[in-house]
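Visitor: Residue numbers (this note's numbering), protein chains in the order written: chain A, 165 to 410; chain B, 165 to 410; chain C, 165 to 410; chain D, 165 to 410; chain E, 165 to 410; chain F, 165 to 410.
Pairs of lysine to aspartate or glutamate residues, derived as DMTMM-like cross-links and limited to a Cα-Cα distance of at most 20 Å, are as follows:
hint: 1; chain 1: A; residue 1: 403; chain 2: A; residue 2: 327
hint: 2; chain 1: D; residue 1: 273; chain 2: C; residue 2: 354
hint: 3; chain 1: D; residue 1: 248; chain 2: C; residue 2: 245
hint: 4; chain 1: B; residue 1: 224; chain 2: A; residue 2: 354
hint: 5; chain 1: F; residue 1: 248; chain 2: E; residue 2: 245
hint: 6; chain 1: A; residue 1: 248; chain 2: C; residue 2: 243
hint: 7; chain 1: E; residue 1: 315; chain 2: E; residue 2: 277
hint: 8; chain 1: F; residue 1: 404; chain 2: F; residue 2: 185
hint: 9; chain 1: A; residue 1: 248; chain 2: E; residue 2: 243
Between beta-carbon pairs, the in silico distance windows are:
hint: 10; chain 1: A; residue 1: 364; chain 2: F; residue 2: 239; range: 34 to 42 Å
hint: 11; chain 1: E; residue 1: 228; chain 2: C; residue 2: 322; range: 41 to 49 Å
hint: 12; chain 1: F; residue 1: 247; chain 2: A; residue 2: 221; range: 24 to 32 Å
hint: 13; chain 1: F; residue 1: 247; chain 2: B; residue 2: 169; range: 42 to 50 Å
Selected chain D positions facing chain C (in silico; Cβ < 8 Å):
hint: 14; residue: 366
hint: 15; residue: 372
hint: 16; residue: 378
If you are wondering where the hints come from, they were derived from the structure by calculation, not from laboratory data.
Remember, it's a predicted structure, so these values are computed and weren't measured experimentally.
Yeah, the Cβ is synthetic: ideal placement off N, Cα and C, and Gly gets one too.
Number of protein chains: 6
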Amino acid sequence: MTDILRADGRTPDQLRPVTIERGWSAQAEGSALISFGRTKVLCTATFTNGVPRWMAGKGKGWVTAEYSMLPRSTNSRMDRESVKGRIGGRTHEISRLIGRSLRAVVDMKALGENTIVIDCDVLQADGGTRTAAITGAYVALADALEWGRTKKFIGQKAQPLIDSLAAVSVGIIDGVPMLDLEYTEDSRAETDMNVVVTGRGLFVEVQGTAEGAPFDRRELDSLLDLALAGGITLTEFQKKALEVSA
Amino acid sequence: MTDILRADGRTPDQLRPVTIERGWSAQAEGSALISFGRTKVLCTATFTNGVPRWMAGKGKGWVTAEYSMLPRSTNSRMDRESVKGRIGGRTHEISRLIGRSLRAVVDMKALGENTIVIDCDVLQADGGTRTAAITGAYVALADALEWGRTKKFIGQKAQPLIDSLAAVSVGIIDGVPMLDLEYTEDSRAETDMNVVVTGRGLFVEVQGTAEGAPFDRRELDSLLDLALAGGITLTEFQKKALEVSA
Amino acid sequence: MTDILRADGRTPDQLRPVTIERGWSAQAEGSALISFGRTKVLCTATFTNGVPRWMAGKGKGWVTAEYSMLPRSTNSRMDRESVKGRIGGRTHEISRLIGRSLRAVVDMKALGENTIVIDCDVLQADGGTRTAAITGAYVALADALEWGRTKKFIGQKAQPLIDSLAAVSVGIIDGVPMLDLEYTEDSRAETDMNVVVTGRGLFVEVQGTAEGAPFDRRELDSLLDLALAGGITLTEFQKKALEVSA
Amino acid sequence: MTDILRADGRTPDQLRPVTIERGWSAQAEGSALISFGRTKVLCTATFTNGVPRWMAGKGKGWVTAEYSMLPRSTNSRMDRESVKGRIGGRTHEISRLIGRSLRAVVDMKALGENTIVIDCDVLQADGGTRTAAITGAYVALADALEWGRTKKFIGQKAQPLIDSLAAVSVGIIDGVPMLDLEYTEDSRAETDMNVVVTGRGLFVEVQGTAEGAPFDRRELDSLLDLALAGGITLTEFQKKALEVSA
Amino acid sequence: MTDILRADGRTPDQLRPVTIERGWSAQAEGSALISFGRTKVLCTATFTNGVPRWMAGKGKGWVTAEYSMLPRSTNSRMDRESVKGRIGGRTHEISRLIGRSLRAVVDMKALGENTIVIDCDVLQADGGTRTAAITGAYVALADALEWGRTKKFIGQKAQPLIDSLAAVSVGIIDGVPMLDLEYTEDSRAETDMNVVVTGRGLFVEVQGTAEGAPFDRRELDSLLDLALAGGITLTEFQKKALEVSA
Amino acid sequence: MTDILRADGRTPDQLRPVTIERGWSAQAEGSALISFGRTKVLCTATFTNGVPRWMAGKGKGWVTAEYSMLPRSTNSRMDRESVKGRIGGRTHEISRLIGRSLRAVVDMKALGENTIVIDCDVLQADGGTRTAAITGAYVALADALEWGRTKKFIGQKAQPLIDSLAAVSVGIIDGVPMLDLEYTEDSRAETDMNVVVTGRGLFVEVQGTAEGAPFDRRELDSLLDLALAGGITLTEFQKKALEVSA
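Next up, chain A with everything else stripped away, as it sits in the complex:
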């Protein structure tokens, strides 16, 4: 299988080059500019002491996320959702996915009554923007939690992070399962799957869609294998980025 080479020279089970510029933003409590090849997402974390009113008094925190694409992040310009006056279904869906995924690795009791909002703004898009966003969001989140600890909003012994979190896309193209699709691959894929995994190799989200033809159990299994392997590599990149003091 690894004899097949893709347009950019990658083998089917290879990620695009990954870079994580931690602390890109001078003002956010945590931030990372992450790139998966040409895909670039700026993730910023905003830490607020306190929670929305409907959650107050339960001793628990809240983590949420918003995803958006710059109008010319893509090959042809899209209208701004602010100008259209409404958020599209895809944006909503991805924002919810990111928030839900992050919450799966946060112990809300350990976080205490604090709120973290992660903004994931796609500066350049070439496929895999939601998976890059989740992978970068985790880094921004980790830094924001550290900031909260430094400011004593989070207890010194509290461990709000249960596990690390990364995400990757996989898909079947011309019958071959492939890892980390770029835009032109994504458009041709028969089946497309986004998988969110923890550093310990557990699943947080599995979203597989038959874009072309329905897929069978064996194909599903091979995609999950690829995704788990990709998740391990991404976890390594995150670890390296977080090792350096920000």
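Guided by the hints, dock chains B, C, D, E and F onto chain A, whose structure is given.
Guide: Chains B, C, D, E and F in isolation, oriented as in the chain A frame:
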């Protein structure tokens, strides 16, 4: 595993009672009032000759769907999205899921330049509204296609339906994988998965989410087994409903 | 005049078949699925202890209503108001009419600081949806008040219902005054009037509109006669529906 | 009955002072600044050659209206609907009423494929704004039609105006039927009715509402008597205003 | 330069006829109907004791403004912003300009915790609507402050008004700097500038825009000269209007 | 005057460090990531052959711009305008300013029937975002025009760029006129002015606002002097960025 009984007396691998009232609407080209236990969804199909302008001239059709809940379909009343002036993320997400799933079993060339809109309105909600909607939508779609053939908008030999389509939810509750969750079960599930399958047993959508704790590969496998079995039973219900002349 | 027969065989002063399925919804505090011929409206009542902030502390309650049509309740599909992002004038107008009418038969002091919202969702439309909605809403309201009494939110001796309430449309077609117009009649009517009456035969709303030609005093009088007679029959149907214990 | 005097010294069957400044706007094809006592409404008519696309090719015209209140036309300031981002139910309802009423006195075939939009902007409000708006709108409409004839958009022999149109409110206060309610009267009325009549004394709209208690047939009759008499007087004011060349 | 005459016979440095009808509105705390030639703007001031929650407890007041044009104030009808569901950029910009300008002459401490909203509604537009609005708004504001003093919401010795405020447009047409442009002049101007000045001859806002060609320092200077002179004359008109007791 | 040093060590007439990363975006027809100190704006230009329908057939092009801030570009997070469902006044105002300014240096006839949209997205904000946006937008525009020439959408001899364009803020702080204010300076300024100038030293926009106290002619003059000098330096930066082949 089947020794465990649920609140309503079902075994873990048992569906709720399913009813499909085909042709419920006197005016739509296809319709079905489907119930999964207390969950009731009215699915109507609108067949229009022609396609949106951006698709015209390609000899291909289009199928789309809209999902909505009546404000008091749920236990406590929700504000109407029309009154709020915007559609929520969940509604968007489910509408997109239903449309995408239906398109996976329709041959757009065979459909020709015709458009079918499926409206899925939840009259009463007790968990599994999106899966009931997809299962009922297939019946409404099948009737609308038949209507189109009768009216000669679709060629006599054309076979727009590639396969049948059904959907079911599965989840892990107290460590036990269970089929077709009702609302109280859904709220307690650690992992929640919606699976859309064709009559031939292929996957169209797999959407698994760790609501409580991340899940491992073995748990994922057992959920997929349950869902495939549930899909076979739902397919039988659909066949029976469609056997009778509407 | 009664020698004239309409398309469906009715005499000019005859209602369409009326059915009222009380308690249709398993979760609402009061509900009724009412049909006037092919017109079907699901009315649900939501009882909430307490009133909106601006009304608090006056010892009085509040009753309001929302009307909406399913997109394919009509012969050709309408766009959803939630998708358009705004409520149309007709929807607003009818919601206000229903709420205002219901309030005319409720003693707000006897209701106490409780709020009742009546949702009237048209599942199928064939003329007279607003009058069917009002007639069904009264039944849902009566049950919700009873529920409130059972739950002790309303005092045991309080009599919040001053009178019963029903509504019917009347119109002049080819010079003949007719009761309870179905859609094709409504489209042809020169004059169209919706009349809301109490069980005691008093007027709550009289809304007459010259769709074709202005009408004179004599025509107006004959329409009011018809409407009062129709109101009496509808009141009987409501009584029967409410006699049975829900 | 005429022994009773109102707060401003009027008898129950007396209108407030009425003034009509025809041609108030230098730029509109027709206009009138009308006052009913302190209520002042600026009505402008915009004549456009051609009709909306959905009406084209039928040889018929279209007349529509929009009603709005300035934020400080009332005693306490209201938020602008443009700022709120949505038009309220009351505004919608009155705009529709004005348009529907005007169309009842226009022969759309004689108008030809021309569109007239009447804007009714309330500069100062003291009750009866919708009836003043209709009465003033008729004057603006008449002038716009004359303009269209001068510009040859309307045939020289065409008679688009079938009849003249005026409107007045009536209501029952402390059991006494009264004509042309000002704001403080309107707030106290048990029953409130707006009646739109033609110059020939025919009804175009009758909208009666029980604000306090339901009303009986006899009360309804006395209100209609008052309204018809008021309509005759208003028609005289319109005639005088239109006699002078604009 | 004064040898050149404009279409309406004015010299380049001459204002159009200015009228200020103070107290036009019977219900507002301050009001003025101002005209600059055919441009007519109704300015009303609403005085409210108290400030928005985010300002409370600081002992300071707030002044804000909203600008809007009637749909047929212009030569061809514009759609209403309330109907479009959003406020356009130009409206926003002018509302902000008016509010900001007024605040520059109000001592918020002397105003105390009171809020004044100035509504500027353009009834007829022929260029210079924003400058007429500001000039009229000042008169309405002055009266509203006087009302607040009479009602004792403002201390007897407090002097909330620091200075008076007027505004005028200037522009370069065919190389000639001109004062107070009417619409046809404004459309032809190479450079267009709105200048807000105080009675003492200080600048509050200078907004110059090269509509046609960029302008040099000398042109800028001549425009500022004209504007300062125009401001003096407008200040005289305001003084006269305010001398008379309202 | 130059003895005074600011918080960051600059003299009053000194710009912050300026960097221009031309061609930052891989997909846009022109782009620049510009920084004025900590303020960073990503400017992308989208070139489209053809013009909006209302402009077609006149042989002229169109240039427009949209400005937006990322939610966490600022020190505390702002809600997204897409989530709020409406664009704020400030955003509207700045978008209009950028577009208007750019159009002042483009010969629309030489551009031909082509449209250029410049998106200015603020990634990090520390004062002067609109002036940085204009200065960067010019670079993106220049490259997009060059792209259009290469693609033959613009004639080989056509010279659409009349002049270059840069912008800078100036303000008076504690009585001292200062160039290029950062956020903390901007908040303290008595007078704040944004000036858009061409490479030849002509004014395109002059927008001065008395934030604290009205300003006199002499102060205005000193601010204009500073701005013209700053414009010259920025023009140099642009030249250098554009010299290198992209």
